[in-house]
Amino acid sequence: MDDLYRDFILEHYKRPRNFGELPEHDHDAHEVNPLCGDELGVQIVIADGRIADLRFQGHGCAISQAAASMASEELIGMEVDEAATLDAGWMLELLGIPVSATRRKCALLSLKVVRHALTGEGSWPGDPGN
Amino acid sequence: MDDLYRDFILEHYKRPRNFGELPEHDHDAHEVNPLCGDELGVQIVIADGRIADLRFQGHGCAISQAAASMASEELIGMEVDEAATLDAGWMLELLGIPVSATRRKCALLSLKVVRHALTGEGSWPGDPGN
Amino acid sequence: MKHVVCRTSEEPCQECLVGFGAEKIREDFPILWTKVHGKPLVYLDNAATTQKPQAVLDTLMRYYTEENSNVHRGVHFLSQVATQSYESGRTRVRQFLNASHDREIIFTRGATEGINLVAQSYGRKHLRAGDEVIVSAMEHHSNIVPWQQAAAATGAQLRYLEVADDGTLSLEQLDAELARGDVALVALTHVSNVLGTINPVAEIVHRAHDAGALALIDGAQAVPQLEVDLTAIDADFYAWTGHKALGPTGVGVLHARAELLEQMPPFLSGGDMIATVEAQSSSWNELPWKFEAGTSMIAQVVGLGAAIDYLDALGMANIRAHEHALTAYTLERLSATDGVSLFGPPSAEHRGGVVSFALEGIHPHDVAELLSRSNVCIRASHHCAQPLMRRLGVVATARASFGPYNVAADVDALIEAIERAQEVFEG
Amino acid sequence: MKHVVCRTSEEPCQECLVGFGAEKIREDFPILWTKVHGKPLVYLDNAATTQKPQAVLDTLMRYYTEENSNVHRGVHFLSQVATQSYESGRTRVRQFLNASHDREIIFTRGATEGINLVAQSYGRKHLRAGDEVIVSAMEHHSNIVPWQQAAAATGAQLRYLEVADDGTLSLEQLDAELARGDVALVALTHVSNVLGTINPVAEIVHRAHDAGALALIDGAQAVPQLEVDLTAIDADFYAWTGHKALGPTGVGVLHARAELLEQMPPFLSGGDMIATVEAQSSSWNELPWKFEAGTSMIAQVVGLGAAIDYLDALGMANIRAHEHALTAYTLERLSATDGVSLFGPPSAEHRGGVVSFALEGIHPHDVAELLSRSNVCIRASHHCAQPLMRRLGVVATARASFGPYNVAADVDALIEAIERAQEVFEG
Ligand SMILES: Cc1ncc(COP(=O)(O)O)c(C=O)c1O
Ligand SMILES: Cc1ncc(COP(=O)(O)O)c(C=O)c1O
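Chains as they are written, first to last, in my numbering: chain R, 2 to 131; chain W, 2 to 131; chain B, 32 to 458; chain U, 32 to 458.
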């Protein structure tokens, strides 16, 4: 059994949750992984200070797609304030697989685009060199 | 006895021939050795197709000063056409000492300035890379 | 199996006529002796950078332990030796590529700096509003972005030659563009780093010149694998990079016509490129040093000389024949593998040692990651060619690329690793 | 003799409090084991470039034989290791110089490229007609010519701080210039490569900032011999070069404030510095990579990390103390030698390990050539500081400069060789 390409990762990759579009939304953003050119967009609907609904769209590798899919399940229902401050550690723990430095951006792209949508601020969660 | 700093080199260095200025002249030029910033100027008087008189001025190392001094003795009286086409070999043979690649420009500065004065063309005699 | 490509030294390469036997060559590359997880390294990322033969490493060590000194302005013996070694590197480059004058050879950090030098020094001075600069849709970013910048600064327009489905550029489209009479410069790659396409650069330069345009050729992928004859190609500017040609990192070459270099303002300024510095203005040193400001990458130039000696000893025609055979074999094996699609020219004939491919349902990143588990190093990326990716309708490709030390067994390992990756994703 | 400077390992250095004993250090530098004509090499040209310890050479070899690969865009294991090594080099630079953020550290070919980057990217965008740029009469050409070029392109004015007879810059003149209110940038050297003067850069930066000006410091001669604290100095830009600090050729560092880098257009463009490339325009990668176009000098950055480890292990305070003692000893010996005149600050106190001198009646070139006969390597040149030469009223000086491996015996050899040169010219 592969460390990285575990069953649940491949399962999320092949059948990502909450992928699609939300034409009516409160926040959106779009981000690119400069490493590979992968793109990910998000739309978010807010109600009562919480994320009421969220959809990702785009394409990428198994890691980035599974990360987005798994994150989406956690994010829907979460308080906006909490979602806006999630860090790299949260995402990597949620993924539960050993991600190398080079693939870190694959794993973090979905969190980056969500942060961008919620805060307007587009830096990488827990960038190297800060 | 040093290979390079032979008696006649030092003698020419200390008492250079034909140094000074010729306010009345037919040709002149001024050149810089980019290696070290040494400068040399020349004025030339022509009569009957020959160099009738010539003066150098400037300062430099023993090699460049001795070269100018020794060259001046040969140049005065030489046909202009011949003087204008003298090459690096002529100068190095005249000097009669083993000049390293780095000091080549020291040895050739006087010839360069003479060629410049006579032909308007300022490249190094026998440049590397041609 | 049709092709027997330097599989072992006992079974020498026939297909590629080489006689050098890549297995023997491998002995010269210490990194290829490494075992990772007990298995040999299968290095198929040569278009990104090549490995270095021991001879290059020895030369670097010799330089640093016997000659190291700053060059040009030094009178002492170390500086003389170092200057001699550095300038011999230039002469070696000239001979290797059949160029005419040392003074037309400028050392840069790499192809990128070379092209930037032209785009900034030539481009910003000589391009005018209304001028066209022609690039192609298969260019590396280093031959696109500098022209976008120069165009933005001058009002020139950037136009793209299209890439046909078979991975070639259309000379008819080139002619049509040139016929408009407003093309100032054609900037094209010699060999595509993604498709492997070998462009007919001598012909392209010829047509550009006939139309009064200049031509810059990006030779980053060509110099390592083809016999490049700069006199025959006749480009105004030819840029390449040492680290892809068995040389050290941090050194590249720009070859340029002296008349153009004379007209161009300096690019970087500072030490070594000046004749005189007055308080408010300066005058420039002769070529090539006018374009080599500051202390050069001295050791790296000397090391590049050793890389050239090594390539020359193998023979570029032999290297080409060998990589051509390997490429043909790879195309054959990949075509026969389920779920693989290929990019670029269908045959190995007009193609360098680069094969881009895709696996159905698996993102290239995941392909590269899974292949790496089998010690097979390939690249998965947009390969700094996003416009080409858009043309191909993908965000990235997986790419295997060859060096003279690759053997058919490396290709076999690639195919096996691909099959294993497919199992992971199907399982 | 007053000073006993690490003469032998039995007689350890007292003057410089070092405990490291330069004789021991010499063992780490293979080139210093060389004998030329049966005599040891006396290398006193360290301000031009330093020699490299075995640890740096080993690191280069290790990189090329175990890790060599292109960085950033690679997924396979070699590329991961290489990326890690390369980016660790950046972190190592940050720690060594007490900087705050890796993203403020940009790798360049050297100090010259670093200053050009600022002059072209910052200067040409932000300088305006009427702005003043202040440099000094003791600058290296690399901190003059780029500003002449930027001034010519923008209409800004270049002004020079004078050099006093004791080799110092006047802070009063600086204040007077700043008081005019039109100074956009102050660009000064930390340590003069000719006079050895150590300028009070933290104070200078402070005054520049108070007057609303930016400050660039050229640290090429400072990093190798002083404890440099970039947080304390607080310059907006600080450029230096690896090959003068025991590192490989072909690598340097520009440290710059992130807010400024964010506003600046890219310098070179191409691979690795982009986020997206569209046909007609592109967007840029984050810092620091926005300013690192193309394949970097990867091995050289890794090697620079090893040089820093080596300097750090010796301790910059120890190195400074040692070179200070050597400089004091040299000034003392030279002052006591007939026919020698000295340039620069009279005492070793505010002076780095550089001593420029002249011999009466002997051109510096001839001095260097004759000293080389005795295996003593010094430099004779304008040292890329023609404005300073004019200020000193000479075309060139002879210059001895120190590294951590120099010992008092090297100075003794220098003096002997000078006396021998004088004999040749008198004889
Ligand atoms: C076709 C092509 N051009 C230019 C480059 C840029 O070379 P470098 O990154 O060494 O400057 C590359 C490689 O990255 C390339 O493949
Ligand atoms: C004070 C100073 N600044 C800048 C430089 C330029 O450094 P580099 O030639 O490595 O770019 C030097 C050395 O040549 C120097 O001594």
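FYI, nobody ran anything at the bench for these hints, they're computed from the structure. A few of these clues could be false.
What the hints assert, rightly or not - Label pairs and their in silico Cβ distance ranges:
no.: 1; chain 1: B; residue 1: 195; chain 2: R; residue 2: 85; range: 46 to 54 Å
no.: 2; chain 1: U; residue 1: 66; chain 2: R; residue 2: 88; range: 38 to 46 Å
no.: 3; chain 1: U; residue 1: 258; chain 2: R; residue 2: 121; range: 38 to 46 Å
no.: 4; chain 1: R; residue 1: 88; chain 2: B; residue 2: 93; range: 23 to 31 Å
no.: 5; chain 1: B; residue 1: 196; chain 2: W; residue 2: 88; range: 53 to 61 Å
no.: 6; chain 1: B; residue 1: 243; chain 2: U; residue 2: 210; range: 53 to 61 Å
Just so we're clear, the structure is a prediction, and the values are computed from it rather than from any experiment. Note that the Cβ used here is the ideal one computed from N, Cα and C, for glycine as well.
Each hint, compared with the structure:
1. B/195 with R/85: 46 to 54 Å: 48 Å, holds
2. U/66 with R/88: 38 to 46 Å: 60 Å Cβ-Cβ, so the 38 to 46 Å window is violated.
3. U/258 with R/121: 38 to 46 Å: This hint holds: roughly 41 Å between Cβ atoms.
4. R/88 with B/93: 23 to 31 Å: 50 Å, violated
5. B/196 with W/88: 53 to 61 Å: 59 Å, holds
6. B/243 with U/210: 53 to 61 Å: 55 Å, holds
Against the hints set out earlier in the document, violations occur for numbers 2 and 4.
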